[in-house]
Amino acid sequence: MERSVIENKAATPLRRREPIHLLKELKAIFYLIPFLVPFTVFYLWPVINGAWMSLHVWGIQGMQKYVALANYKKILENPDFYSYLWNSFYFVLLCAPTVLVLGLVLALIINQRIWVRTLIRSVFFLPYVLSVSVVSFIWLKLFDAKNGPVNALLHALGMNTDINWLTDHRFVWWAITIATDWWSVGFVMVLFLAGLQEIPTDHYEAAKIDGANAWQRFWSITLPGLSSVMKIQIFYQIINCLKLFGQVQIMTGGGPGDSTNTMIRYIYVTGFKKDMFGLAAAQSMIFCFIMLLIAVVQFKITDRKDG
Amino acid sequence: MKKLALNIAAVLLALLFVFPLIWMFLTSLKPDGVNVYTLADWVNWSDLNTDNYVKVIRDSQILHWTWNSLVIGVLTTVISILLSSLAAFSFSKLPFRTRGYSMC
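Residue numbers (the numbering used here), protein chains in the order written: chain A, 1 to 307; chain B, 1001 to 1104.
In isolation and in its complexed conformation, chain A is listed as follows (with noise of 0.2 Å):
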């Protein structure tokens, strides 16, 4: 009963008016604050200071001068950024749907009933629980065009050059989207699981009965079963692409050339290799905000699906 005042308040704050109760504002506020006092200096205040670094010259030594928006002009007329950017947008395009599509595969092989299930189930999480550093460090070394055994591997498979994974332009993106896949799917594939258990098998059986196929099932009762974890996990994952860094940093240093350096790697290179704070931290809001943007967009078109 009570429940359902609650979030009949909830959808419609603004039209409902009553009085405020100060005492169960105070409650609330009371339970609040262990949490709101933390967040506020380690997470408000810093941003707050980074919207203010952004404004200024900010070289080693401490804020210089200030500039207004000088900083923001000068990196929105730079085309280094945009090409940044847009590899940023690249890396999503290419990892987000791979690393969806392999995982909703591990997911519905392993809810079948196959041998040592979980064993293999295991194995295919195992990748996760590694730091980003020691996964960028294998891959480094596996895709080696001397004495990688990737390369080795497609020799024996009958390939006759060497690929040089992490020097050619051409490959070295999907170098990187093959060890972030291997690296976060498997986290992927358990969300997915966790879908896939829900779906109530009794619509698979009158589905069955109906006549539908294993892949009229999947599209009609699989997939539109899956949405809501399929919406977090696209959002999660394109927030997740777009902070691409440690693999790149490790694996390329953002080579051959430019070609694999990220928006977040710049903002490294201008802050903590040139030294150049204030410019770093406009670069950082500018980011900020097109991350924002993209989650409102989100959010909005989610939204509209569920009606």
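Mixed in with the good hints there might be a few duds.
For lysine-lysine, the following PhoX-like pairs were computed, each having C-alpha atoms within a straight-line distance of at most 20 Å [unchecked claim]:
| id | chain 1 | residue 1 | chain 2 | residue 2 |
| --- | --- | --- | --- | --- |
| 1 | A | Lys-300 | A | Lys-231 |
| 2 | B | Lys-1030 | B | Lys-1003 |
| 3 | B | Lys-1002 | A | Lys-208 |
| 4 | A | Lys-243 | A | Lys-73 |
| 5 | B | Lys-1093 | A | Lys-27 |
| 6 | A | Lys-141 | B | Lys-1030 |
| 7 | A | Lys-146 | B | Lys-1030 |
| 8 | A | Lys-65 | A | Lys-243 |
| 9 | A | Lys-208 | A | Lys-74 |
| 10 | B | Lys-1093 | A | Lys-24 |
| 11 | A | Lys-74 | A | Lys-273 |
| 12 | A | Lys-231 | A | Lys-243 |
| 13 | A | Lys-208 | B | Lys-1093 |
It is worth saying that the hints were derived from the structure and are not from the lab. Fair warning: this is a prediction, and the values are worked out from it, not measured in the lab.
Go by the hints and put chain B onto chain A.
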């Protein structure tokens, strides 16, 4: 028949996934500077030894670093669960008016 194909596909995929980890493990048992590259290297187990492990444990403070990671991990988990569960309780169970403004 279909079942067998699925099983074989699952096992093959699992092998593909575990391959980098096995390679890492094998390399860790080889002497310094020896690559695990061709098939011959994979099956040549004559030069396997635990020298690298002994070296890491004796010459670096890896046990101390692991302890540091553990401390950070435990503290982070306990503190964040404590704080966020209080906040979540307040958001979900207490019907206060300003909630609409605090959740964006």
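Restraint check for Lys-1002 (chain B) with Lys-208 (chain A), where alpha carbons must lie at most 20 Å apart:
Judged against 20 Å, a Cα distance of about 17 Å means the pair holds.
Q.
Hint check: Lys-243 (chain A) vs Lys-73 (chain A), CA-CA at most 20 Å. Holds or violated?
A. violated (23 Å)
- Query: Does the structure keep Lys-1093 (chain B) and Lys-27 (chain A) at a Cα separation of 20 Å or less?
  - Reply: Within the cut-off at roughly 11 Å; holds.
- Task: For the pair we were handed, Lys-65 (chain A) and Lys-243 (chain A), check the Cα-Cα distance against 20 Å.
- Result: Outside the cut-off at roughly 30 Å; violated.
What's the verdict on Lys-208 (chain A) and Lys-74 (chain A), does the C-alpha distance respect the 20 Å limit or exceed it? violated (62 Å)
Exercise. Can the restraint linking Lys-208 (chain A) and Lys-1093 (chain B) be considered satisfied, given a maximum Cα separation of 20 Å?
Worked result: violated (43 Å)
- Query: Taking only the CA atoms, is the gap from Lys-231 (chain A) to Lys-243 (chain A) under or equal to 20 Å?
  - Reply: holds (19 Å)
TODO: Take a quick look at whether Lys-141 (chain A) and Lys-1030 (chain B) sit within 20 Å of each other, Cα to Cα.
DONE: Cα-Cα ~15 Å, so holds.
Quiz item: Does Lys-1093 (chain B) pair with Lys-24 (chain A) here, judged by a C-alpha cut-off of 20 Å?
Solution: holds (11 Å)
**OP:** Please work out if Lys-146 (chain A) and Lys-1030 (chain B) have their alpha carbons no farther apart than 20 Å.
**Re:** holds (19 Å)
### Task
For the pair we were handed, Lys-300 (chain A) and Lys-231 (chain A), check the Cα-Cα distance against 20 Å.
Roughly 12 Å separates the two Cα atoms, so the pair holds.
Between Lys-74 (chain A) and Lys-273 (chain A), does the CA-CA distance stay at or below 20 Å? Status holds; Cα separation ~18 Å.
Checked against the numbered hints listed earlier, the structure breaks hints 2, 4, 8, 9, 13; every other hint is satisfied.
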